[in-house]
Amino acid sequence: MIREALSHLHWTTLPVVSMLMFAMVFVGVLLWSNRKESRSIYKEMENLPLEENGMGGTK
Amino acid sequence: MKDVQETGTLERFSYDDGVVKKFTIATIVWAVVAFLVGIIIAMQLAYHPLNTGLPWFSFGRLRPLHTNAAIFAFAGNAIFAGIYYSLQRLCKARMFSDKISNFHFWGWQLIIVSAALTLPFGITQGKEYAELEWPIDIAIAVVWVAFGINMLMTVVQRRVKHIYVAIWFYIATFITVAVLHVVNALSMPFTMIKSYPIYAGVSDALVQWWYGHNAVAFFLTTPFLGLMYYFIPKAVNRPVYSYRLSVVHFWTIVFIYIWAGPHHLLNTSVPDWAQTVGMAFSVMLWIPSWGGMINGLMTIRGAWDKLRTEPIVKFFALAATFYGMSTFEGPLLSIKSVNELGHYTDWIIAHVHAGALGWNGFLAFGMIYYLVPKLWGTELYSKRLANVHFWTATLGIIIYVMAMYVSGITQGLMWREVDMAGKLAYPDFVQTVIRVVPLYWIRALGGVVYLAGTLVMVYNVYKTVKAAPATQTNETIDECVPYVRKPLFGQAGMKLSHRVLEGAPMLLAALVVVMIGIGSVISLAPMWMSSSVVEANYHDAMVKPYTPLQLAGRDLYVREGCYTCHSQMIRKTVGDVLRFGAPSTIEDSKYDRPFQWGSKRIGPDLAREGSKYPDLWHFRHMRNPQEVVNGSIMPSYGWMYKEKINFGLMSKKLSVMKSLGVPYGDEDVINAESWAREEAKKIADGLNAEGAQITEDREIIALIAYLQKLGTVQGVAGGAK
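From first to last, the protein sequence lines stand for chains A and B. Using this note's numbering, the letters of the first sequence map in sequence onto residues 1 to 59. Using this note's numbering, the letters of the second sequence map in sequence onto residues 1 to 721.
Just so you know, these hints were derived from the structure itself, not from any lab. One should not assume that every hint holds.
Stated by the list, open to error - Mimicking SDA-like on lysine to any residue, the simulated pairs with C-alpha atoms at most 25 Å apart in a straight line are:
#: 1; chain 1: A; residue 1: 43; chain 2: B; residue 2: 237
#: 2; chain 1: A; residue 1: 36; chain 2: B; residue 2: 287
#: 3; chain 1: B; residue 1: 383; chain 2: A; residue 2: 50
#: 4; chain 1: A; residue 1: 43; chain 2: A; residue 2: 28
#: 5; chain 1: B; residue 1: 336; chain 2: A; residue 2: 22
#: 6; chain 1: B; residue 1: 161; chain 2: A; residue 2: 47
Note that the structure is a prediction, hence the values are computed from the model and not measured.
Construct the complete structure from the given sequences, taking the supplied hints into account.
Here you go:
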């Protein structure tokens, strides 16, 4: 029955729907990453790889 | 779920460097193996006698060994080395379990060795980059899940508040590869080493390229991007150019990549709308890919002088550059009209190797040069040798890809060139083969140069490790003030939203599942529709399942890796139709488990090979291709004239196929052996009547039966030779 329903859908519109979905995700991520308070959080995060001070490799 | 806050108590802890060392050494060892096998098969294409007549040394069997070694052994071990090193340091925590780490390492090496032992002996599922048979597939799933648990639990137990973006890429890699592998590998075993996929024909093609494309995306791209976001800042001692851009990069790439699989099936019998979706999303990949490439390269800003002095930075800079080049070329090749020219040609080989040798290889090499001195507590033996490696490898790639670009575009143009009368200018496929053979020599030279550079690295690493102090251990001590967890929910303020989305590993993982789920469902929709739309619109009555002998022949075709050189998909393009006959339809491969559409035409398409030549032509051609087709580079399959058909397995094969939905009757299953023997005798008698000397129980008889069946569903005759 599901397959029957699928077979009657107009799949040719799907590329357009897909593009809209991508646009929504893209705009959403842009807005999310540019929100006001992200600057300080991302400032902390970008420095994480540089913070290590391991003393290792030898006894 | 918990948030974290500072306690004020300094903690001292250690990192497990032992497992990083092991994965690093394994990366180096498997790099040499993968490149060496690559050179061997490159030489076999340039000089076919190098196939030697030994079944386990023929191109069709070694090529999957090369691709598996390059992807899963070399790149795989590099990924794990980098992840185990960076994850611990970014989380300020030792790996969750040393036992799981070791299980992961040894399990993965065992899987690689299993691949090396099975593929040359023809034990294969015949699906590109997913050739390994079902027991190894199960082992891969188990080891992969162990790795994922170890990683996620380490993130959960971290001592720092934030989860750096590199770890997001690692998490996305784990989840997506697990989903891809399990779905694509579903099959029905009929012996301990052989199975048939549960999907057939176009469904199998859609699932396979959903997997195949995203194996590139989530095994060769996202984990390496994570490594890039960790190791480039480390190498230049500067934070990433734009963390914000890395966030956009991550979410868009995770969302988009999964849709793009059908670009491997352009102009085929896959529904047009699915092809359009694949093409559109491939083109959209330009945005995040170049965002990431720019982010990686611009991280070196202010430290460009290191490009002159530090080989590690050179490797990373060129890796990011190759990432940009490959991710420009990929979408370009996904545009239907460009794909018509480039698909099945050596252009794709150039594209793949620019990515694998340039992006993956150089990032791995840079990482190795960074890691080895740190892990063994010493200095790199020779910076000069590292520079020699860099320039040698760069030269090797340039030689390789230039040869393949010229070869690929030459092939694409020759295949479709027509004369004033509208006929093919090069009607014999072998004409286009002979033209590119000199380029195969140059390609092999490029591979040798690249391997030479790798051997310089091996020597450099060996001398570095040898110089390690005797007191050196497998642990690094670190300390930090950890954060204690508090309830994630129930807090006020906007920062909570960040914590939920970007600070909670399990929620992050769940969101990744949603992101890849949307694209996967839509990409695979045609598969679920197959029994309604496809069967309703095509003439099923004309499609007959393979006879037991044809099925046995098909299994031999898969065993020998014929798909590595021959496609079985005549595209809806003028050049293809003029050369090979009517375009392939969905029904042509309706009962094909696995589908064998292929991705390369070193030899001609075989979709309508059936009835094009008499049995004797195939009999002579398979034994000595050059005797029948002057200039052919195909290897001889002399062993198929000695090895016997396994008639005893016929009933079991049909029984499994029947359980998968192939319309065999009960009597067909019971009488499969006698049915096959009867058909074999008929073919053998016909051959012997024309002067061949062969008995009906030889494998070549089954293969001929299969080849003569190809494309005869509609009784459509083929095109040119």
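Results for each hint:
1. Distance hint between residue 43 of chain A and residue 237 of chain B is fulfilled; the C-alpha atoms sit about 15 Å from each other, no more than 25 Å.
2. Taking the CA atoms of residue 36 of chain A and residue 287 of chain B, the gap is about 24 Å. The hint holds against a cut of 25 Å.
3. For the hint linking residue 383 of chain B to residue 50 of chain A, the alpha-carbon distance of about 23 Å falls within 25 Å, and the restraint holds.
4. Taking the CA atoms of residue 43 of chain A and residue 28 of chain A, the gap is about 21 Å. The hint holds against a cut of 25 Å.
5. Taking the CA atoms of residue 336 of chain B and residue 22 of chain A, the gap is about 21 Å. The hint holds against a cut of 25 Å.
6. Of the supplied pair hints, the one linking residue 161 of chain B and residue 47 of chain A holds, its CA atoms being roughly 13 Å apart against a limit of 25 Å.
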